[in-house]
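Chains as they are written, first to last, in our numbering: chain V, 1 to 232; chain Y, 1 to 232.
By construction, these hints were calculated from the structure, which means they are not laboratory data.
Any given hint could be a false lead.
Because identical chains cannot be distinguished in the list, a pair is counted as satisfied if it fits within a single copy or across any two copies.
Derived DSSO-like pairs (lysine-lysine); straight-line CA-CA distance at most 27 angstroms [said to hold, decoys possible]: (1) Lys36 / Lys206; (2) Lys148 / Lys71; (3) Lys17 / Lys206; (4) Lys83 / Lys57; (5) Lys17 / Lys83; (6) Lys17 / Lys71; (7) Lys71 / Lys46; (8) Lys42 / Lys148; (9) Lys46 / Lys148; (10) Lys42 / Lys206.
2 protein chains.
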Amino acid sequence: MLLSGGLDSTTAAAWAKAEGHDLVAVSFDYGQRHKKELTRAKQVAKALGLRSHHVLKVPLGQLGSSALTDKAIAVPRAPRSEKIGQRIPSTYVPARNTVFLSLALAVAEVEGATALVIGANALDYSGYPDCRPEFLQAFETMANLATKAGIEGQGVQVLAPLLRLSKRDIVLLGNRLQAPLGLTWSCYRGGAHPCGTCESCVLRAKGFAEAGVPDPALRPAPKTKRAARAGP
Amino acid sequence: MLLSGGLDSTTAAAWAKAEGHDLVAVSFDYGQRHKKELTRAKQVAKALGLRSHHVLKVPLGQLGSSALTDKAIAVPRAPRSEKIGQRIPSTYVPARNTVFLSLALAVAEVEGATALVIGANALDYSGYPDCRPEFLQAFETMANLATKAGIEGQGVQVLAPLLRLSKRDIVLLGNRLQAPLGLTWSCYRGGAHPCGTCESCVLRAKGFAEAGVPDPALRPAPKTKRAARAGP
Numbered sequence: 001m002l003l004s005g006g007l008d009s010t011t012a013a014a015w016a017k018a019e020g021h022d023l024v025a026v027s028f029d030y031g032q033r034h035k036k037e038l039t040r041a042k043q044v045a046k047a048l049g050l051r052s053h054h055v056l057k058v059p060l061g062q063l064g065s066s067a068l069t070d071k072a073i074a075v076p077r078a079p080r081s082e083k084i085g086q087r088i089p090s091t092y093v094p095a096r097n098t099v100f101l102s103l104a105l106a107v108a109e110v111e112g113a114t115a116l117v118i119g120a121n122a123l124d125y126s127g128y129p130d131c132r133p134e135f136l137q138a139f140e141t142m143a144n145l146a147t148k149a150g151i152e153g154q155g156v157q158v159l160a161p162l163l164r165l166s167k168r169d170i171v172l173l174g175n176r177l178q179a180p181l182g183l184t185w186s187c188y189r190g191g192a193h194p195c196g197t198c199e200s201c202v203l204r205a206k207g208f209a210e211a212g213v214p215d216p217a218l219r220p221a222p223k224t225k226r227a228a229r230a231g232p
Numbered sequence: 001m002l003l004s005g006g007l008d009s010t011t012a013a014a015w016a017k018a019e020g021h022d023l024v025a026v027s028f029d030y031g032q033r034h035k036k037e038l039t040r041a042k043q044v045a046k047a048l049g050l051r052s053h054h055v056l057k058v059p060l061g062q063l064g065s066s067a068l069t070d071k072a073i074a075v076p077r078a079p080r081s082e083k084i085g086q087r088i089p090s091t092y093v094p095a096r097n098t099v100f101l102s103l104a105l106a107v108a109e110v111e112g113a114t115a116l117v118i119g120a121n122a123l124d125y126s127g128y129p130d131c132r133p134e135f136l137q138a139f140e141t142m143a144n145l146a147t148k149a150g151i152e153g154q155g156v157q158v159l160a161p162l163l164r165l166s167k168r169d170i171v172l173l174g175n176r177l178q179a180p181l182g183l184t185w186s187c188y189r190g191g192a193h194p195c196g197t198c199e200s201c202v203l204r205a206k207g208f209a210e211a212g213v214p215d216p217a218l219r220p221a222p223k224t225k226r227a228a229r230a231g232p
């Protein structure tokens, strides 16, 4: 399964685990703006007790042309909520999910896995073409023609359990499954704290607000603070 | 275009150039058994005067499970000629063309290219699933759903000019187009000279023999040898 360390992939991982899958996580060091999500992905994989976790280096960053891989392009502020997803923003990374799923397909074939799990969502999302159901369906068709496992073996399914859920429903599902949402990182900027203004922060905040659940990743680490306050 | 430095991709490149395409070559350092083909790819790109040449690092080697990426697995001798392509051999690299085409798709989108060119051949070949027409067709369909260029722009075509040619016809085409076949490297083993016994060497030799053309990559560097023999 693809694990970015964000809200969606962490919830998708918790879902797949609850469904009884034995999970191998794959994360990508692709030249993204910050490595915070990779640290979080490792913590999430550990918290969920996944079987193994590959971190693969991929040369998307050197191609540039995205605000997420080229520091010369600023991360944009989110537009008004109802405008999100109507145009493909500058945070789009060319062919990113295609490249990620292709490498996950290679891992799956080597590991003997029969499914690729991805936290893609096509409802409360940024309009990236490679998060849409028609893309994922076409990828699955292609994958089963591409590999020895597809021709001679059981083949591979693409599972996208969040595809048609709202961000609210993703938060509720993650909460119900006790996914370690407090460990997740969504902010595109990668500062000390989530910026609250990029599209990823705004979509996440909307989800938690509509679910009526506080975002556990935003709470200050309570014990340390309290201990400090309670000190002499 | 995907350029491995072998006979097929070099002929496909010469074809695409003759068709008037402005070509960006992409080669992959994927943990293959030897780097000889990458050196040859660079020479071929230069000889053909291609616009640019990306060499991208891809972590397929660390997954192992192929004789081409895992030195613990021996490169097999080719079976009898008529048996070649009937079973997928141990030189199969899981999801290789899917990963290569996906990264080429990212390059294409960044460069504004409207086609991916691949030297895949499904006639005199090793039976790799990701060289077959149905795979390439499915990849093209997927690619046009995956990218901003597919949704908002001109989209991308997958061109595989050698797909239905025999190895003989590939040699004849390469010769006619004056492709730099003398620079190409096909042998899986990567020794000082082609081994002549691996499947790739056997298929290549069959092609040149049936075309009635000497393989320019096999000719000994004539001047040095003759000079040596002519010496006192």
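To see whether the hints hold, each was checked on the structure:
1. Within a single copy, Lys36 and Lys206 get their C-alpha atoms as close as 22 angstroms, which meets the 27 angstroms cut-off; across copies the closest is 53 angstroms, which misses it.
2. Proximity of Lys148 and Lys71 under a CA criterion of 27 angstroms is satisfied inter-copy only: 21 angstroms between copies versus 40 angstroms inside one chain copy.
3. Proximity of Lys17 and Lys206 under a CA criterion of 27 angstroms is satisfied intra-copy only: 26 angstroms inside one chain copy versus 51 angstroms between copies.
4. In this assembly of identical chains, Lys83 and Lys57 lie within 27 angstroms of each other by CA distance neither inside one copy nor across copies; the values are 34 angstroms within and 38 angstroms between.
5. For the identical chains of this complex, Lys17 and Lys83 are neighbours neither inside a copy (34 angstroms) nor across copies (44 angstroms), given an alpha-carbon limit of 27 angstroms.
6. For the homomeric pair Lys17 and Lys71, neither the shortest alpha-carbon distance inside one copy (36 angstroms) nor that between copies (35 angstroms) is at most 27 angstroms.
7. In the homo-oligomer, the alpha carbons of Lys71 and Lys46 never lie at most 27 angstroms apart, since the shortest distance is 30 angstroms inside one protomer and 32 angstroms across protomers.
8. Proximity of Lys42 to Lys148 under the C-alpha cut-off of 27 angstroms is found in neither arrangement, the shortest distances being 30 angstroms within a copy and 30 angstroms between copies.
9. Proximity of Lys46 and Lys148 under a CA criterion of 27 angstroms is satisfied in neither setting, with 31 angstroms inside one chain copy and 35 angstroms between copies.
10. In this assembly of identical chains, Lys42 and Lys206 lie within 27 angstroms of each other by CA distance solely inside one copy; the values are 26 angstroms within and 50 angstroms between copies.
Figure legend: structure checked against the earlier numbered hints; hints not met, in rising order: 4, 5, 6, 7, 8 and 9.
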